[in-house]
Amino acid sequence: MEDKDQFLRLFLNSEGELLAYILSMGIDPHCAEDVLQETALVMFKKFDEFEKGTNFRAWAFTIVRYQILRLRKWQARQPIQLSDEAMNRLEARALNEDNTHIQFEALTHCVDKLSDNSREMVRMRYNKKMDLPDIAQQLSRPVDSIYTTMSRIRKTLQDCVEDFGRHGAKAHD
Numbered sequence: 004m005e006d007k008d009q010f011l012r013l014f015l016n017s018e019g020e021l022l023a024y025i026l027s028m029g030i031d032p033h034c035a036e037d038v039l040q041e042t043a044l045v046m047f048k049k050f051d052e053f054e055k056g057t058n059f060r061a062w063a064f065t066i067v068r069y070q071i072l073r074l075r076k077w078q079a080r081q082p083i084q085l086s087d088e089a090m091n092r093l094e095a096r097a098l099n100e101d102n103t104h105i106q107f108e109a110l111t112h113c114v115d116k117l118s119d120n121s122r123e124m125v126r127m128r129y130n131k132k133m134d135l136p137d138i139a140q141q142l143s144r145p146v147d148s149i150y151t152t153m154s155r156i157r158k159t160l161q162d163c164v165e166d167f168g169r170h171g172a173k174a175h176d
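Here the sequence shown stands for residues 4 to 176, where the numbers follow the numbering used here.
Everything labelled a hint here was simulated from the structure, so no lab data went into it.
Since the model is a prediction, treat every value here as computed from it, not as a measurement.
Don't be surprised by glycine CBs; every beta carbon is placed ideally from N, CA and C.
Take the hints with a grain of salt, since some may be wrong.
[Unchecked claim] Distance ranges between label pairs, derived from CB positions:
{"hint": "1", "residue 1": "Phe107", "residue 2": "Lys158", "range": "16 to 24 Å"}
{"hint": "2", "residue 1": "Ser143", "residue 2": "Leu26", "range": "23 to 31 Å"}
{"hint": "3", "residue 1": "Glu108", "residue 2": "Pro136", "range": "28 to 36 Å"}
{"hint": "4", "residue 1": "Asp115", "residue 2": "Lys48", "range": "41 to 49 Å"}
Build the full structure now, drawing on both the sequences and the hints.
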């Protein structure tokens with residue numbers, strides 16, 4: 004019982020910092036709460052492995068870092084989700100045009116709008132089929148920064164494709 008009380012006290016003292024760190028890593032606020040809950044669960048299960056008298060905060064940040072990496076790996080495997088409105092517009096246009104052509108046009112247009120560095124990362128990831136740690140190594144950047152950058156690129160592409168679906172190519176020229 005004493006261990007549970009000690010864990011709770013230590014965790015509650017670090018909870019705000021952990022959440023701030025998660026959010027500072029570019030994690031969506033809803034996902035950040037989930038990451039914090041998963042972190043608390045892992046920490047509670049592994050609390051008997053924590054060496055009393057050592058730095059609880061450092062231990063907690065190590066665990067939350069791994070939970071963020073786990074989330075990013077999961078997100079990297081998820082397809083881009085379009086809003087219902089964008090889907091409806093793309094569906095309506097597909098009645099008049101080849102749907103594959105529209106999607107390709109939207110994605111090509113949006114990729115062309117990316118910075119040179121972002122386009123190169125997309126090319127490495129999807130054309131060359133490189134995994135993110137290999138991209139990090141080739142670009143001499145930390146793996147975490149590659150995960151963050153790719154997440155932002157995917158979000159940018161998602162927003163652009165949705166906007167393309169709402170307004171078409173003419174609004175983007």
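Comparing the hints with the structure gives:
About 20 Å separates the C-beta atoms of phenylalanine 107 and lysine 158, a value consistent with the hinted range of 16 to 24 Å. The hinted window of 23 to 31 Å between serine 143 and leucine 26 holds, with their beta carbons roughly 27 Å apart. Between glutamate 108 and proline 136, the C-beta spacing of about 32 Å keeps the proposed range 28 to 36 Å intact. A beta carbon spacing of about 47 Å between aspartate 115 and lysine 48 agrees with the range 41 to 49 Å that was offered as a hint.
Violation of the numbered hints given earlier is absent; every hint is satisfied by the structure.
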